[in-house]
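Novice: One-letter residues, chain by chain:
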Amino acid sequence: MTNDGVVWAVIAGMAAVNFLLRFVPMAAVSRTRIPEPVARWLSFVPVTVMASLVAVEVMRPDGVWQTTIANPYLLAALPTAATFAKTRSFLGATLVGMAAFLAFKALLG
Amino acid sequence: MLPPTSDGRSTDRAVFVRLLRGVRLGTPILLGYVPVGLAFGVLARKAGFSAAQAVICSATALAGAGQFIALSSLAAGGDALAALAATTIVNLRYVLFSAALAPSIDASQSPLRPLLAFTLTDETFAVNTADARGGTLDALSAAGVGAVAWLGWVSGTAVGATAAGSIADPSRFGSNFAMPAMFTALLVGQIESRRHAEAAVAAAGIALAAAAVLPGTWGIIVGAVVGAAYAAWRSA
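Those sequence lines, one after another, are chains U and H. Counting from -7, one number per residue, gives the positions in the first sequence under the working numbering. Counting from 471, one number per residue, gives the positions in the second sequence under the working numbering.
Among the hints, erroneous ones may be present.
Partial pick of chain H residues on the chain U-facing surface, computed with a CB cut under 8 Å [as the list claims (entries may be wrong)]:
| # | residue |
| --- | --- |
| 1 | Leu495 |
| 2 | Pro498 |
| 3 | Gln523 |
| 4 | Leu582 |
| 5 | Pro584 |
| 6 | Ala628 |
| 7 | Thr632 |
| 8 | Gly635 |
| 9 | Ala648 |
| 10 | Met649 |
| 11 | Thr654 |
| 12 | Ala679 |
Simulated from the structure, these hints should not be mistaken for laboratory data. Yeah, the Cβ is synthetic: ideal placement off N, Cα and C, and Gly gets one too.
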C-alpha cells in the first residue's frame, strides 16, 4: 500500500506536470519552433514508451522476472494485441486479455 | 467568428451554439473515456488511493496512460519522483500536440488557451485538428469538446473508484492483467509504420536490459528515451 503523503504528492505533481507539458508549447510556439531533430525524437516517444512498458510489465510482473514461455502475462499479451489490431476497441482488447490471462494461469497451474 | 453586435442576448446565444457544437463533437470521446476511466478508478484503489484521491487525480491531471503508469510505478515500489518522471515521459507527446494546435487558435481567443491546454488529449487533439482543417479552429467549440472529454474521464473514474470496494477479490476477474492489456492495446495502436515497429523492438530490448540493473520503473524510462533517440537517428 502506498503512503497517503506520497499519493497526494503524486496527484499534485501530475496535475502540474501534465498542465505544463500541454500549456507551455501552446503559449510559446508563436515565437519559437521545435527543432526538427527534437520533433522527430518526440514523434517516436509514444511508441517507445508503450513498448518499454509492455516489455517490462509482461516479463517482470510485480517485480519478479518470468523469463520462461510458461508466463501467463506474456501469453495473454498475444490475444490482447490481436484483438486490438482487429477491432480497435480498448475495452474489448482489455477484456479479452483479462480472460486469456485467467485461462493461461489456470492451464499453467 | 462572432459578428460584431450590440445585442448581448444574441451574443450569448452564439456562444451557446458554438459550445454545444463542441459538446456534440466530443460525445464519442466521452463514451470511450468512461470505461477506461472506470479501469483507472479500480486500479487506483488497488494501488492505495482513496476513492476521493482517484477522482481528484483524474479531474486535475486528465492524463490517460500517464495516470496508469504512475500507478504502475507506485505498485512497483517507486517513490513520488519515479512516478512523476514516468508520467512526464509518457505524456511528452503533448508537447508536440500543443505546439501543433497553437497556430490554429486565434489570438483573440487566447483567454481560452489554458483551458484548451488542460483538456488536450490524444482524442481531443484528433477531433480539434480535424475541425481546424475546415478553417480557423473555433476555441469555444474546442472548449466544449474538452469539457465533455473531462466529464467522461472523471465520471468513469468515480464509478470505478466507488465500485472497487464492493469487488471482494478483483484478481479473480484477471485484474492483474488489466493494466498490461491496456498498454498492449495502446502499443498496437501506436505502431503506424515499419519505423515505429523497429522503434518498439529496440525500446523493449533496451527497457528489459535497463530494468535488470535499475530500480523501479527507471528501466521503462531509459527504454523509452533511448529507444526513441535510436529510432530518430535511424530515420534521419
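Novice: List in ascending order the numbers of the hints, as given earlier, that are violated by the structure.
Specialist: Per hint list: 1, 2, 4, 6, 7, 8 and 12 violated.
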